[in-house]
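Asker: Using the sequences and the accompanying hints, generate a full structural model.
Reminder that position 25 of the sequence shown reads as 25 in UniProt numbering, one-by-one numbering, no gaps.
If you're looking for bench data, these hints aren't it; they were derived computationally from the structure. Do not take every clue at face value.
What follows is a list of derived Cβ distance ranges for each label pair [what the hints assert, rightly or not]:
1) D181 / S61: 41 to 49 Å
2) V144 / Q78: 16 to 24 Å
3) D107 / E5: 39 to 47 Å
4) L60 / R204: 27 to 35 Å
5) G65 / R185: 45 to 53 Å
6) D111 / R207: 29 to 37 Å
7) A189 / Q78: 41 to 49 Å
8) A82 / R32: 31 to 39 Å
9) K64 / R103: 44 to 52 Å
10) A184 / G120: 25 to 33 Å
For clarity, every value in this text was computed on a predicted model and none was experimentally measured. Beta carbons are placed, not taken as given, at the ideal position from N, Cα and C, and that holds for glycine.
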Amino acid sequence: MSGPEAEERVVSAVVEAILGHRIAPGTRLIERELASYAGASRSAIRNGLLTLAHAGLVELSPNKGATIAMCSPGEARQIFEARIVIEAAVLDIVAHTLNDAGRARLDAFIDEESTAYEAGRMEEARHLSRRFHLLVAELSGNDVLTGFVRDLINRQPLLSWTREARKSRFCGNEAHQRIADALARGDGAEAARLNTEHLRELERELRTDRDSAIKSVGGDEAGQDPRPRPA
Numbered sequence: 001m002s003g004p005e006a007e008e009r010v011v012s013a014v015v016e017a018i019l020g021h022r023i024a025p026g027t028r029l030i031e032r033e034l035a036s037y038a039g040a041s042r043s044a045i046r047n048g049l050l051t052l053a054h055a056g057l058v059e060l061s062p063n064k065g066a067t068i069a070m071c072s073p074g075e076a077r078q079i080f081e082a083r084i085v086i087e088a089a090v091l092d093i094v095a096h097t098l099n100d101a102g103r104a105r106l107d108a109f110i111d112e113e114s115t116a117y118e119a120g121r122m123e124e125a126r127h128l129s130r131r132f133h134l135l136v137a138e139l140s141g142n143d144v145l146t147g148f149v150r151d152l153i154n155r156q157p158l159l160s161w162t163r164e165a166r167k168s169r170f171c172g173n174e175a176h177q178r179i180a181d182a183l184a185r186g187d188g189a190e191a192a193r194l195n196t197e198h199l200r201e202l203e204r205e206l207r208t209d210r211d212s213a214i215k216s217v218g219g220d221e222a223g224q225d226p227r228p229r230p231a
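Answerer: Written out as structure tokens, the structure is:
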């Protein structure tokens, strides 16, 4: 398979593999294995890897090929700061333009996300948690802002690699419900406040998980590089 759809399958396959803890930062990606796994042509694989590199998920090297990128604490902080600023602008637009059809899409989406959490389908829940923020961006009708949000969200699997697959962790469904309620009331400022609170909490959880992972291998005390290690 080739074309944009095949390239998207490649991107999704890599993102979901990171989220599912099946592939670690620093891991080398083999084109023929990706082609077999994603059912995509070599050209689609290469274009998909370029997309992943543009999003900061993959590093391309003439000698090593493609490897899953490493994300430092400073980069993680910058990603969250960028999301807070950009998504605040998105939420302001949506609060003033959301119509009945848009509200129905949000309600249906949150119901689907809630069902996935309650059923313990955590891989699906992870996907939907990321997708909520992208859906809100799409409802703004601003393609440039939506592109920024998509790129930032695509980089976040690197941050969550050390997280435990618990229902209480991951982007919370209840927080999404409160944000959607504020948008339905036309209160962009409240939606942005809730989103900032939500992202800050997610950032704290990720930092806690990362610090725990470092301590478990003595990285802090041994003066070693505190970034996630290759598998």
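Asker: Hint by hint, note whether the structure agrees.
Answerer: Hints, one by one, checked against the model:
1. D181 / S61: 41 to 49 Å: With a Cβ separation near 47 Å, D181 and S61 satisfy 41 to 49 Å, so the hint holds.
2. V144 / Q78: 16 to 24 Å: 19 Å, holds
3. D107 / E5: 39 to 47 Å: 28 Å, violated
4. L60 / R204: 27 to 35 Å: 32 Å, holds
5. G65 / R185: 45 to 53 Å: 50 Å, holds
6. D111 / R207: 29 to 37 Å: Given about 31 Å between the Cβ atoms, the range holds.
7. A189 / Q78: 41 to 49 Å: 24 Å, violated
8. A82 / R32: 31 to 39 Å: 35 Å, holds
9. K64 / R103: 44 to 52 Å: 48 Å, holds
10. A184 / G120: 25 to 33 Å: Since A184 and G120 have Cβ atoms about 29 Å apart, the given range 25 to 33 Å holds.
Checked against the numbered hints above, the structure breaks hints 3, 7 and satisfies the rest.
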